[in-house]
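Peer 1: Here the protein sequences line up with chains U and D, keeping their order. Heads up, the first sequence is in my numbering, so the first residue is 1 and it goes up one at a time. Heads up, the second sequence is in my numbering, so the first residue is 1 and it goes up one at a time.
Simulated from the structure, these hints should not be mistaken for laboratory data. For glycine and all other residues, C-beta sits at the position ideal for the given N, C-alpha and C. Possibly wrong hints are sitting among the right ones.
Short derived list, chain D residues pointing at chain U, Cβ under 7 Å [unchecked claim]:
hint, residue
1, A54
2, V55
3, D250
4, A254
5, T255
6, E256
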Amino acid sequence: MTSAPPAVVTGVRRRFGAGPPALDGVDLELRAGEVHAVLGENGAGKTTLMRILAGLDEPDEGSVVVAGEPVTEFTPRALRERGVAMVQQHFTLVPTLTAGENLALARPEGRLRPGARRVRRRVEALAQRYGLPVRADVPVDRLSVGEQQRLEILRALDADARLLILDEPTAVLVDAEAEALLAVCRALAAEGRAVVIITHRLAEVFAGCDRVTVLRRGAVVCAGEPVSAHDRTSLATLMVGAVPAPPLSIERPARSGVIRIALDGAARGRLRPLDLEVHAGEVLGVAGVDGNGQAELEDLLAGIAAPQQGTVCVEGTEMPVGAPRERVGKRVAYVPADRYRRALAGPLSLADNLELGRGPSRRAPRGRREEQAVPALAAWDVRAAGPGASAASLSGGNAQKLVLARELGVGPAVVVAAQPTRGLDPEAARMITERILAAAADGAAVVWFGAELDELFAVADRLVVLADGIATPFEPPYDRAAVGMAMAGGAGA
Amino acid sequence: MTLTRDPAPAGQQAPDGLVGKALRGPADRSPLGLVAVPLLALLGALVVGGVLMAVEGVAPLSAYGEVVRGVFGRTRGLVDTAVIATPLVLLALGITVAYRARVFTIGAEGQYIAGALAGTAWATVGPLPGLPAPVLVVSSLAVAVLAGAAWSGVTAWLQSRFGASVVITSLLLNYVAAAVLAWAVRVGMRDPGSFTPQSRQVGDAALPDLPGTAIHLGFLFALLAVPTVAAVLRRTRFGFRVEVLGANPDVLAATEARPSRTRLWVLAVAGALAGLAGFVEVAGVTGRMTQAFAVGYGFTAIIVALLGRLRPLGVLAAALVMAGITVGFDEAERVFVIPSATVGVIQALIVVFFVTGDALSRRRLRRREGA
């Protein structure tokens, strides 16, 4: 019965929208009794692949064989019945119910709501069996993050999962908890289950995994090789690639020396106190894996949130917080990482979206406003039905061009661009990159948050890597392996 | 150590569910769907209402004929329709502004009472007796507007300070206002010369009739408020922020203004219009405050705003229709033996059919796209 491998994935392709494919012909074989690490940068396709295995997504092409039989129906229920369980990065527990009630909800025994004692026993039995302690009779929202994580895993094991997928399980855990979790994973594998851990952290791969698969831009660059055959450097290189950076398409003058942005011991949330200066004409790249302080730094630079300590200054005066029109008045352009959440009002027209944060208190009639929007839309090649079309109707590339058309409209003094090319087709990405660099050439100080190192190496004059909220500076020529190591939290090595 | 905390964005989104769904409008945003669904809902409600009347032994067509005659067959019918429509238009315009920003207040009733009470208090027991009539009218209206805005502002403050749901606090403040009304007419500003609990007459603060009609001046306010609110929504930065807040509060925060401040202004405007409606009703119709002053216009106005598709002109049309139905049935009840609850049943059916019609049109569109 255990002869068939728990899961075999062959030639799986998946594409979202018009951008590059998220998965481009991926093969993966998972074996019973092993802990398998899946590594890769943000957007490399790790989560997409695992979501397909868990039935949360469907491949465009390729086959998935689970427990010896090909999967035809990609639904969470169908795959759960075949013994696949996934613990997602974002918890899916009901916060007001207790641990036991959450388990009973996932796998009911009969129609009645089970009694408190009974569900508590169920949790305690499971917790003891797998060595994952969870308080049974407290509402989930009062459990610690680690406990919630353990409960998620218990819930998966409660359904007797043969293949357990953990999406970045240690991202929210403290070190001791992470170590304990890895030990549990080893024990589960020893029982003959297959465990997959998606991670960014190289240290964990060496601490507890048998084999490792590395994804890069939707393709497998290291297919299930034994961990013992690798060291940190080789994995870091595989993760970030070894392709030479393409030459810059724009010649830019050397930095002019005027300090446009100055952070003095600024800290917020996960971001530890940071000193940073960005000069006019300079592009500072910020690299790092999600959840290491970039979001906080982005908020500080864009005036969304105030630093909990220290100061953020733009051109010598403090950054206005929660006053976006003042931010625009200081010519700080902000291209947020999540453009649909922060930059575009979907139901409103393109003309209205161009007017956000700008424009007089008395507005012109709609016809004239839309007329005035036409030149900007044309200059940025925003392809849409017209200035009256809704922003939600735009494709990703055109939506981002619309954001830049607005933010870079008046020559900016500062550009805060968070993953400005994420998910875009190459043509749109290239245009946006060139225009941001052109703004820098015109004297803007640019902070570019990037997910892909190739891109950052190409655009950035200097690089800062954030890991655990601590910044490590790098100067060109960049050492790809060293940067990759710093991103994976192994700066000390 | 700071005492302020970020209001939970999730808490703000939660009440969107039901009301938000009802307000999403037709599936394809076509002009046909905008108008056809409300009209069909009206028709359907009248058909079902007719069946109910037939069950009661009343010939529906002659009853409806009497309803139409009750409105259009006599001057009094048209006058009454305009008078009833007046507070509905003002209240529903305020609700329109709020709901466009997806600030789902249901406190119009309380703001209406607060405005009426404050205006009446100013006019009857105010600190400046003996003001000339025009000054008294204008100052009383101003007091009413401010009182309505303040009453509504409490909701905004509770939200930004404690993260309390606008839906809940605005609803509960209605009961506070009703209690204040009961106290005011019995104790606070009771007419000492009256046996029943009621305030003094507003006297010189009463609104004159429009020349040549029996309709009080307030109807003109309502008519003027329609293009004014339309212009504010379309042509001012505040109107733009209302739309952006409704579309995406995070975008508003990142590019335009603090959502909490915009929300405060939105609620203040809604409350101001409700307060205005309140005192207009006192000064134009009742002449004084009594316990019976609150008849639920603040809730009917939500229906009016909904049927008017959150558009000022639509609100005017919907208010006139609702007022017309009320007046017409009032007349028909005198002629036929129709239970007085019939008009309420029909108004409720309009809403049911309206919401169902929108849901059906959305589902059909989804099917078409899914196929």
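Peer 1: Hints first: check each against the structure and report whether it holds.
Peer 2: Results for each hint:
{"no.": "1", "hint": "A54", "in the structure": "violated, 44 Å"}
{"no.": "2", "hint": "V55", "in the structure": "violated, 40 Å"}
{"no.": "3", "hint": "D250", "in the structure": "holds, 5 Å"}
{"no.": "4", "hint": "A254", "in the structure": "holds, 4 Å"}
{"no.": "5", "hint": "T255", "in the structure": "holds, 4 Å"}
{"no.": "6", "hint": "E256", "in the structure": "holds, 6 Å"}
Consistency with the previously given hints fails for numbers 1 and 2, ordered from lowest to highest.
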